[in-house]
Amino acid sequence: MSTTTTAELLRLTLSEAAERVAARAVSPVELVDAALERIGALDERLRAFVAVYEHEAREVARAAETMAAAGHLLGPLHGVPIALKDNIALRGLRTTAASKVLGDWIPEEDATVAARLKGAGAIVLGKTNMHEFAWGGTTDNPHWGTCRNPWDPERFPAGSSGGSGVAVAARMCSAALGTDTGGSVRLPSAVNGIVGLRPTIGRVSNRGVVPLAWSMDTVGPMARTVADCARLFGVIAGHDPGDAGTAQVPVGDYAGGLGRGVEGLRIGVVPGYTFEHVQPPVREAVQRALGVLEQLGARVVEVEIPHIEGNISAQLTVESCEPSAYHQHWLRERPQDYGEDVRQLLEIGELIPATHYLQAQRYRTLLRGELLDGLERADCVVFPTLPFTATGVGETSVVIEDGVEEDMLSAIMQYTGVASLAGLPALSLPCGFDADGMPIGMQLVGAPFEEARLLRIGAAYQGATDHHERAPAGC
Amino acid sequence: MADEQTLSAADVRDLARAAGLDLDDARAAAIAPTLGSWLTAAQQLNRLMSEPERRDVTPIAIFQHPPVAPEEQP
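If you read the sequences in order, they're chains A and B.
Just so we're aligned: the first sequence equals residues 1 to 475 in the numbering used here.
Just so we're aligned: the second sequence equals residues 1001 to 1074 in the numbering used here.
Worth flagging that the hints you see were computed from the coordinates, not collected in a lab.
Hints may be right or wrong, so weigh each one.
[Claimed, not checked] Partner residues aside, some chain B positions facing chain A, computed with beta carbon under 7 angstroms: (1) Q1005; (2) A1029; (3) M1049; (4) P1052; (5) V1057; (6) P1059.
[Unchecked claim] Here are a few chain B residues that sit away from chain A, every Cβ distance over 10 angstroms (derived from the structure): (7) T1006; (8) A1009; (9) A1010; (10) D1022; (11) D1025; (12) T1058; (13) E1071.
Backbone N, C-alpha and C fix where the C-beta goes; we use that ideal spot for every residue, glycine too.
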């Protein structure tokens, strides 16, 4: 149809691809073929996907092409290939949460987010690999293979939505959905050099999504640019009568406000936390990013969050107990069907006293209140997304400073757990690279339902920088 | 309770038995260090949340309000 080469097709952002499909300059069939070719070339090594719907995707692409030719566009994602994390139900297609326990589950209905994407014209290419049941941050999956970082396949892609992060970074799809409990959208977004949004809790439906921890779970978009995330988010956000946890708050025009700039906005940093206990290249990259925002007219202000230090313990407590309740039956009936790391975490969660869980839930009230106070004095609060760059595949500990080895799970959630516990929106976006060329992410945390402001700040930053335009070698 | 929560495999097995979870010695030993470390950190949080000035802080909870059909509304 067009004269666009496969390489050029794969370089298109989600927004560019959708606009070209709408203008009939590119065919959905070409986009899907290019993505499938890339998956075929790289995925044996990277293991980003647990299922690829080659036949179905091509069939839908042909239909989308016909509809576009007739001037009938389903919505803002018409004809663009996307991927879903494997804990998001698709009607009639196996949905396993990358586990053996759910290895034979074929949902009878689409998850609400999947239905909304299809309704907006997106073509589902496949399901992405993840940390088993989303309980972990490495995507080192014993059932579906070890997912690898496209910037260096010897490094981890983080998780739990590691496959979605890798698929987007390696241009295997235009965008993807992940889920975020303690950081599972933002962490793989950061280490794979892409953009990921954790929405306000209740902004996006969880109906049809395999839970990890009910009180913190949310679906979130992952893409290469802030504008792409905004486009995807606008489709999946909103109240769902099928999920009573969703809020009846109007959905904003997330893409419409991206060009408003940051003049006069206040960017908060937390003294004693934002830049503490973090690898130097990460600290320096986030500091440089703040400098860019200042040059664009924003003002950096200090925001005190007096009890932020307790967040990691609270996070581990809540994120241990809730999954162990959900998995209680299977842990007794089929313990051997879990990977060893997840089985251990589920066993630990069984043994934490209810009083500890409730103190952690009380701490969340305290932390949320302090953050909301802080967000009266700042338009967002900035943290690194995680305090280190991608570690080696298979590692269970990490060195952040002074040569001290730390447990990976505790260390990885140092910054992402804050927004998770408080139920606040948080946007991770690329802000640099370390000396080995591994991506670094920074995180903007905002007030409830203020995703548009975070996206606006992120778009201004991406308009002044080019970190998001770099691609892994061979991609 | 002491600051550092050191748990033996036997301690873990006893806790698991009370929870109705069957753990053998090897599994109990495998999770003991992590469980002990997390419980230690949780004790610190417990003390913070038990201070008098936070006596009135209530837990975050999920309150769900399913839509009510018009014919069912009061």
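Indices of hints not satisfied (ascending) = 1, 2, 4, 10 and 12
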